[in-house]
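The listed protein sequences correspond, in order, to chains A and B. Take the position in the first sequence, starting the count at 1, then add 552; the result is the number in the numbering used here. Take the position in the second sequence, starting the count at 1, then add 552; the result is the number in the numbering used here.
Think of the hints as simulated: they come from the structure by calculation, not from any bench. One should not assume that every hint holds.
Any copy will do: because identical chains look the same in the list, a pair fits if it lies in one copy or spans two.
Claimed, not checked - Cut-off 25 angstroms, straight-line C-alpha distance, at most; resulting in silico cross-link-like pairs (BS3-like, lysine-lysine):
id	residue 1	residue 2
1	658	888
2	761	710
3	761	720
4	557	793
5	738	574
Number of protein chains: 2
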Amino acid sequence: MPKKKATPKDKEVSSKLTELGKEIAEEIKEGKPPAFKMPVRSLSNIHFNEKKQQLELGKTYSKRSFMNVAHARKFMQTMLVAAWVRNELVDEGITTSLRDMYYALKRTIPGTKENTVEEQSESDPIVVDIETMLDVLREELHLNADVRGRVVGNVVIKDRGDTVDWSKLGSGGWSIPSNVENIEFKSVDADYILLIEKNAAFERLHEDKFWVDQNCILMTSQGQAARGVRRLANRLSVEHKVPLYIFTDGDAYGWYIYSVIKWGSMNLAHVSNRLGTSNAKFLGLTMTDIEHYGLDNYTIKAKDIDLKRARELKEYPWFQAPEWQREIDKMIKSKKKAELEALSSKGLRFITETYLPEKIGKKDFLP
Amino acid sequence: MPKKKATPKDKEVSSKLTELGKEIAEEIKEGKPPAFKMPVRSLSNIHFNEKKQQLELGKTYSKRSFMNVAHARKFMQTMLVAAWVRNELVDEGITTSLRDMYYALKRTIPGTKENTVEEQSESDPIVVDIETMLDVLREELHLNADVRGRVVGNVVIKDRGDTVDWSKLGSGGWSIPSNVENIEFKSVDADYILLIEKNAAFERLHEDKFWVDQNCILMTSQGQAARGVRRLANRLSVEHKVPLYIFTDGDAYGWYIYSVIKWGSMNLAHVSNRLGTSNAKFLGLTMTDIEHYGLDNYTIKAKDIDLKRARELKEYPWFQAPEWQREIDKMIKSKKKAELEALSSKGLRFITETYLPEKIGKKDFLP
């Protein structure tokens with residue numbers, strides 16, 4: 553099978569990986585104990601950058617040294633993964649999953665009873681280490697994440713040689729892949745992006761041709777947004793200056809989905825600048841919507857776990873805007889949450905014809 | 553918003569629902585206690601039809617009567633759902649989810665303290681009742697199920713006025729919608745359909761352009777196959793006489809995925825003829841593959857729950873073929889299971905270049 557043509561990004565990533573190996577080889581040749589430095593990813597080194605409105609890593613580094621018994625295994629695994637990713641994935645033009653990588657790397661080291669990796673839980677964090685250390689995205693290492701999510705709208709892309717028009721995909725829409733780095737946007741005609749937590753609402757709006765009337769891009773994350781969805785929303789919003797509105801259930805889980813899309817996540821604080829879209833706005837469902845649209849009979853009693861989570865979010869530096877503090881307080885006080893399906897109690901086209909046009913028209917968002 | 557044009561199926565479903573209402577109204581006018589009959593869906597009335605190779609309902613019916621205190625609430629709910637589905641969905645050309653339906657129907661009956669429905673777990677089974685009673689698919693009632701799954705291949709469809717070419721969708725592929733009833737196949741050029749449990753393997757094969765070389769349709773269910781995936785596989789395979797090969801992990805869960813796609817499920821025995829594809833074949837991963845391809849080091853120890861499930865499947869009438877009995881016995885004896893990612897231990901293109909072409913070339917399938 554002929555190799556795929558390496559992209560400029562492939563060449564850059566390949567040489568970063570080569571550089572890492574060279575430095576280690578140099579140290580060994582010089583008789584020094586081989587070691588490398590990497591940013592610490594623990595809570596103590598995760599900060600909220602107020603100006604950028606992003607979670608990010610601080611300046612604390614740790615050293616991983618081969619001669620340190622506590623580091624030796626992880627050191628070996630880092631070299632193993634880095635070499636394999638360069639040789640088998642990036643240079644070969646092959647993409648795969650973390651699970652496949654684990655199977656591909658697992659073996660007994662000759663002359664020992666030691667396995668290279670025992671469980672996938674050992675090899676996964678190594679990829680994040682390399683992501684952080686070399687400032688590359690996992691997708692740029694040709695390691696795909698889980699996929700979920702669909703999109704429709706007046707957008708034409710070029711992807712793997714195909715020209716795909718997101719406005720002509722019938723009821724299905726375009727499946728958002730894990731890796732959207734190599735997608736080329738040929739034309740983007742949209743006043744905003746509406747990213748919805750639930751697929752059922754996406755399908756309802758798609759059926760009503762909401763995105764045609766409103767000239768928007770309609771996207772669903774189908775729950776917590778996968779990396780591909782976050783990165784696609786980021787690229788569309790940042791590269792094409794399209795506002796991004798997030799529409800989730802009115803509960804702590806919905807708020808969390810929003811916060812990850814906007815500010816980034818603690819797990820992935822090292823890539824917030826590419827996965828997070830700091831100008832995103834929260835459209836709903838808000839506690840005020842419940843009062844304003846008379847949805848009170850269709851709310852759900854918040855459980856202890858919901859309230860606990862709400863109290864936690866209330867403390868996060870990125871939820872300190874007065875609007876968010878009020879929103880969270882209202883939920884804690886009323887002990888109620890609401891799903892976006894509650895709007896269907898007003899009729900199945902209420903969301904298309906009334907709720908969304910009103911909210912978007914008035915720019916009634918939380919920051 | 554203008555109504556969508558009713559399809560012939562919409563008209564048929566609408567008149568079936570009207571007929572149901574008319575019969576009840578007739579009984580009331582005649583002073584008879586209103587009641588209707590429906591096939592029993594409990595285990596005692598589910599049979600395996602050897603000839604059709606399908607799970608199906610037997611001939612036992614039950615009566616749901618308004619004047620029976622034990623039936624009155626469900627009777628009311630059946631009428632409520634049937635009327636709402638006809639008036640708000642089928643006749644309006646609107647599609648929605650079961651969750652939205654629950655919200656749309658929930659209210660307090662005037663003059664009482666009784667709610668029409670308390671929980672979604674009350675309204676969901678009513679839809680299955682109507683599906684069974686009127687022999688219509690839930691999707692034909694305009695109630696969508698969860699969506700998962702993607703597809704690529706040399707197929708051109710027409711859907712909602714759009715012509716979609718599954719061979720020109722870049723890395724993403726076409727998102728399989730919940731309702732594939734109205735899809736029109738303009739051209740289907742494929743020697744077989746390969747339906748894969750896991751998206752990562754789908755992406756790997758898609759990247760290698762496996763479906764181009766092999767002239768096949770590549771589909772992933774992303775776990776247990778959603779109704780849309782099952783129905784799409786059925787339509788393609790039956791209407792266009794394309795063999796369907798299923799590729800799952802080598803474990804009881806993978807076998808179960810296969811059995812649902814092929815023979816139907818006990819929950820949905822009333823629609824096996826449309827969701828099940830009885831000529832489907834199981835491609836792998838088989839216990840023999842593990843020996844043949846030397847994957848033993850990459851197997852996983854089966855847990856008690858795996859073995860228990862395997863013993864259950866072994867007893868099912870639809871797993872009585874000697875090939876399946878041997879397969880299940882091998883697993884129970886070896887206490888091992890294997891994921892399809894185990895093939896990556898042989899190299900990332902082993903699946904594309906060796907495993908699949910060999911298995912398909914030799915027609916090495918389980919029935």
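Hint check results:
When the C-alpha separation of residue 658 and residue 888 is checked against a cutoff of 25 angstroms, the pair qualifies only between copies, where the shortest distance is 17 angstroms, while the shortest distance within a copy is 48 angstroms. Taking the shortest Cα distances, residue 761 and residue 710 sit within 25 angstroms of each other both inside one copy (24 angstroms) and across copies (17 angstroms). For the homomeric pair residue 761 and residue 720, the shortest alpha-carbon distances inside one copy (12 angstroms) and between copies (23 angstroms) are both at most 25 angstroms. Taking the closest pair of Cα atoms, residue 557 and residue 793 never come within 25 angstroms of each other, the shortest separation being 30 angstroms inside a single copy and 37 angstroms across copies.
Taking the shortest alpha-carbon separations for residue 738 and residue 574, neither the intra-copy value of 39 angstroms nor the inter-copy value of 55 angstroms comes in at or below 25 angstroms.
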